[in-house]
Amino acid sequence: MQHEYDPRSVERAAQHFWDSRNSFRATEDPDREKFYCLCMFPYPSGRLHMGHVRNYTIGDVISRYQRMRGKNVLQPIGFDAFGLPAENAAMANNVPPAQWTWDNIAYMKRQLQALGFAIDWSRELATCEPEYYRWNQWLFLRMLEKGIAYKKTGVVNWDPVDKTVLANEQVIEGRGWRTGALVEKREIPMYYLRITGHSESLLADLDSLPGWPERVRAMQANWIGRSEGVRLAFRYAIDGRDEKLWVFTTRADTLMGATFVAVAAEHPLALRLARDNPALANFIEECRKGGVTEAEIATQEKKGMATGFAVRHPLSGASLPVWVGNYVLMSYGEGAVMGVPGHDERDFAFALKYPLPIVQVIDVEQRAYDSQNWQEWYADKRGTCVNSGAYDGLPYEKAVAAIAADLTAKGLGEKQVQWRLRDWGISRQRYWGCPIPIIHCAKCGDVPVPEEQLPVVLPDNLVPDGSGNPLAKHEAFLSCRCPSCDGAARRETDTMDTFVDSSWYFLRYCSKDNNEAMVDSRANYWMPVDQYIGGIEHAILHLLYSRFWTKVMQELGLVSVREPFRNLLTQGMVLNQIYFRREDSGRLRYFNPTDVKVEGTDPPRAILVRDGQPVEVGGLGTMSKSRNNGVDPQILVDRYGADTVRLYTMFASPPEDTLEWSDASVEGSARFLKKLWKRVHEQVSAGAAPALDRNALNDGQKRLRQKLHETLQKAGDDISRRLKFNNVVASGMELLNAINAFEDSSPQGRAVAHEALSSLVAMLSPIVPHICHGLWISLGHEGAVIDAPWPEPEPQALLAATVALVVQVNGKLRGRIEVAVDAGQEAVIEAALADENVQKFVAGLPIKKQIVVPGKLVNFVV
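Counting in the working numbering, the final residue of the sequence shown is number 1086, and the numbers go up one at a time with none missing.
Check before you lean on any hint, since a few could be wrong.
[As the list claims (entries may be wrong)] In silico lysine-lysine, DSSO-like type, Cα no more than 27 Å apart, as pairs:
| hint | residue 1 | residue 2 |
| --- | --- | --- |
| 1 | K577 | K526 |
| 2 | K1080 | K938 |
| 3 | K634 | K409 |
| 4 | K468 | K376 |
| 5 | K849 | K898 |
| 6 | K639 | K667 |
| 7 | K526 | K513 |
| 8 | K938 | K295 |
| 9 | K387 | K409 |
| 10 | K899 | K931 |
| 11 | K577 | K376 |
| 12 | K409 | K513 |
| 13 | K409 | K376 |
| 14 | K409 | K667 |
| 15 | K513 | K605 |
| 16 | K387 | K468 |
| 17 | K849 | K333 |
| 18 | K468 | K736 |
| 19 | K295 | K468 |
| 20 | K948 | K898 |
| 21 | K639 | K468 |
| 22 | K926 | K333 |
| 23 | K375 | K697 |
| 24 | K899 | K926 |
| 25 | K634 | K376 |
| 26 | K1073 | K1036 |
| 27 | K387 | K370 |
| 28 | K258 | K376 |
| 29 | K634 | K667 |
| 30 | K899 | K948 |
| 31 | K577 | K622 |
| 32 | K931 | K697 |
| 33 | K736 | K295 |
[Said to hold, decoys possible] Label pairs and their computed distance ranges (CB to CB):
| hint | residue 1 | residue 2 | range |
| --- | --- | --- | --- |
| 34 | A954 | Q590 | 24 to 30 Å |
| 35 | M443 | E906 | 25 to 31 Å |
| 36 | L495 | S691 | 40 to 46 Å |
Since the hints were derived computationally from the structure, they do not count as laboratory data.
Treat the numbers as computed from the prediction; the structure is a model and nothing was measured.
C-beta atoms are modelled at their ideal positions from N, C-alpha and C, and glycine is treated no differently.
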């Protein structure tokens, strides 16, 4: 064993050992309990960041620990390789997205391997491989057959200059990110997956996931959004026809407070009225330039225009004006809302702006209505109806029931359950994605690609130039024969939403080598994933789509599970300081913390090292490329070794909490590993330790063994049940301090130290596997530490040999003593009186009373 800890050679040796023996190759074994541990796979953006390192280290710690518990562990990885960033990079660098993607995958794989993760690389996949996305296409066609996939027009962001559809994140303040052109809303044909058909099961099955964080389950439930309410109609006449404008409300008890109706700009009634109203047509065109997501709608300025048209209230018959509002989405509900400004925050703001009548129809405890308390009444449903005619005095439930009954009798409404969840539009008018397997024939229409012709392979040599999807101009891809009539036809140029790729990759890992089927029976052995790890930013869409995709596959008989992830851990973000300068243009220019020097503390003054000029301090923020505050893990691995990086990310904070970056703490982690290596080297250098004789131990030896097994007991709970890896590291540091303070060089003393060091190395091996691999061998153990069992505490060793007591004189603390746990009362009193400090307060004084509380204290009354 070398004297000094050399991370480079230690890590090289450990990784060679694992690679040469295929240590992490997982195979199915029905006789062993399986454990499937999975981290959300990375997008190959070029380099790992510290968020990646933290995420995969968490997964690796869990995987290695479960392996030590005797389980058959699978930990695979792949790359979420399609998507918009590759297209952007391709335009910036004038290279095909495929080239950029595969170069990045190669680099990131080397980084992952350098960190020593226990990954089964034989199952590696990339979603841009035809062998993978073939099965996206295959299942899409099965869904098309079952009516789960279908085509309809959908609203998208359209850049009129680049003549392309933009993702929501490409729209910046209403303009295209590349051209700066005002973005328009357009309706184009798109393919959808009928996820709404699974609304009930997606909501109900959340109750079967107690291993998920409560807030994630709540986020999913809110997104699915089951609402019990009333669907009702406002009558109107137009073009000589009697029509009904339908709305859905969860608060039918406020119907008598409706003072207007607002419809979406795309609503058929709005479009009809705009034909005769140029100002309205212009307003609708303006609305088309707004956002299409709920988040955008919630934050944008609420605007509206009166149409000059009115509908009739379904119960009172009153005439209500119809407005077009930019805050009403055609894709949600009926594309129309009844405006009740007396009891709805959004309607209240709209009514103040334009001014519209505000009528109170809910009263709480006969309190006077004002604009400050309506929201409380509306939210908790405590009030009763007022100014509502026949419904006055009715509480919420009775009012809803009565109003729904009256609407039903009139043929103008009924109780109904609605869902916030909308079908999943998977068409993307972009190049770098999975081609949708549809052929367009002038004679036969839209024709599915025959299964034997799958996959429809995406050309990998095209370079987007920002002028639309390059597939639409690539004749070699476009031109094909119709499978039905053999006539000339054209391929679909839309590609699939990349959420499709990530909605089932965890299943493909189970049978990645099967080229004849999407999955096989091995998926039923490994699934569900026992521990899934990833960021909270994926708490809704990715997890929801994965649950939906799994349910569809189960219903098609492909897998046996209905829920893909048994337990979920959402790790916190990695934070670092932000430094910037504001340029004359107003643009912020960010500087990496490694290039900044901070002087003073009250307040701190930050300067850029290269020019000595000040920079502004932006505080702590999530590490990101856009803010240039990331830390390159490769630099740290090269400087300190992979184990230091792994140790720091696990020790700095619990997995769910944010991690505030600290260079000093990284140094501290490196020092601890050197300290551990040094102590084992001292132990080994003294020669082989004798066998441990548990019946021949003195009190000091028993105390160290008690400390060891108390540590193992706590660490076992922290690493398995609580997932508090920071506590495991802290316990290991305390134990090493106790070992270093143990100066017994007798044969049994050395045996106790050997046991303690061996157990400590095994305990820390899931977190810092390279150094522990080397130390385990140096301590003389046969086999590798990855094949060793998790060190379990011995019940007998947990029993204390001695007990600490406090000594009081007249009820005041005067000393502390340690006695044998089985010491009698006389021996305890004798030891207490012998304490030097206690003697100062009892010497020469008659002791009137001696009180001994076993295991706790001695009190002398003088």
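For each hint, the structure was consulted:
With a CA separation close to 9 Å, the supplied pair K577 and K526 stays within the 27 Å bound. Taking the CA atoms of K1080 and K938, the gap is about 23 Å. The hint holds against a cut of 27 Å. Of the supplied pair hints, the one linking K634 and K409 is violated, its CA atoms being roughly 38 Å apart against a limit of 27 Å. A hinted pair counts as satisfied when its Cα atoms are at most 27 Å apart, and K468 with K376 qualifies at roughly 23 Å.
For the hint pairing K849 with K898, the CA-to-CA distance comes to about 33 Å; that exceeds 27 Å, so the pair is violated. A hinted pair counts as satisfied when its Cα atoms are at most 27 Å apart, and K639 with K667 does not qualify at roughly 45 Å. The hinted pair formed by K526 and K513 meets the criterion: a straight-line CA distance of about 14 Å does not exceed 27 Å. A hinted pair counts as satisfied when its Cα atoms are at most 27 Å apart, and K938 with K295 qualifies at roughly 21 Å.
With a CA separation close to 12 Å, the supplied pair K387 and K409 stays within the 27 Å bound. Straight-line distance between C-alpha atoms of K899 and K931 comes to about 19 Å, which keeps the hinted pair within the 27 Å bound. For the given pair, K577 sits about 36 Å from K376 by alpha-carbon distance, which is inconsistent with the 27 Å threshold. At most 27 Å may separate the alpha-carbon atoms for a hinted pair to count; K409 and K513 meet this at roughly 6 Å.
A hinted pair counts as satisfied when its Cα atoms are at most 27 Å apart, and K409 with K376 qualifies at roughly 16 Å. This hinted pair does not check out: K409 and K667 have alpha carbons roughly 31 Å apart, beyond 27 Å. Of the pairs offered as hints, the one joining K513 and K605 is violated, with about 37 Å between alpha carbons and a cut-off of 27 Å exceeded. Simply put, K387 and K468 have alpha-carbon atoms about 37 Å apart, too far for the 27 Å limit, and the pair is violated.
This hinted pair checks out: K849 and K333 have alpha carbons roughly 20 Å apart, not beyond 27 Å. Between K468 and K736 the CA atoms are separated by roughly 54 Å; this puts the pair beyond 27 Å, and the hint is violated. Taking the CA atoms of K295 and K468, the gap is about 63 Å. The hint is violated against a cut of 27 Å. Simply put, K948 and K898 have alpha-carbon atoms about 23 Å apart, close enough for the 27 Å limit, and the pair holds.
Taking the CA atoms of K639 and K468, the gap is near 17 Å; set against the 27 Å cutoff, the hint holds. This hinted pair does not check out: K926 and K333 have alpha carbons roughly 47 Å apart, beyond 27 Å. Note on K375 and K697: the hinted pairing holds, with a Cα-Cα distance of about 23 Å set against a maximum of 27 Å. A C-alpha spacing of about 24 Å is found between K899 and K926, which places the hinted pair at or below 27 Å, so the restraint holds.
As the CA atoms of K634 and K376 are separated by approximately 33 Å, the hinted pair breaks the 27 Å bound. Distance restraint check for K1073 and K1036: the Cα-Cα separation of roughly 14 Å lies within the 27 Å cut-off, and the hinted pair is therefore satisfied. Note on K387 and K370: the hinted pairing is violated, with a Cα-Cα distance of about 34 Å set against a maximum of 27 Å. As the CA atoms of K258 and K376 are separated by approximately 43 Å, the hinted pair breaks the 27 Å bound.
Among the hinted pairs, K634 with K667 is inconsistent with the structure: their alpha-carbon atoms are about 47 Å apart, more than 27 Å. Taking the CA atoms of K899 and K948, the gap is about 23 Å. The hint holds against a cut of 27 Å. Between the alpha carbons of K577 and K622 the distance comes to roughly 33 Å, so the proposed pair goes past 27 Å and is violated. Of the supplied pair hints, the one linking K931 and K697 is violated, its CA atoms being roughly 72 Å apart against a limit of 27 Å.
Between K736 and K295 the CA atoms are separated by roughly 21 Å; this keeps the pair inside 27 Å, and the hint holds. At about 59 Å, the beta-carbon gap between A954 and Q590 misses the expected band of 24 to 30 Å. Between M443 and E906 the Cβ separation comes to about 52 Å, which falls outside the hinted range of 25 to 31 Å. A hinted range of 40 to 46 Å is violated for the C-beta pair L495 and S691, which are about 30 Å apart.
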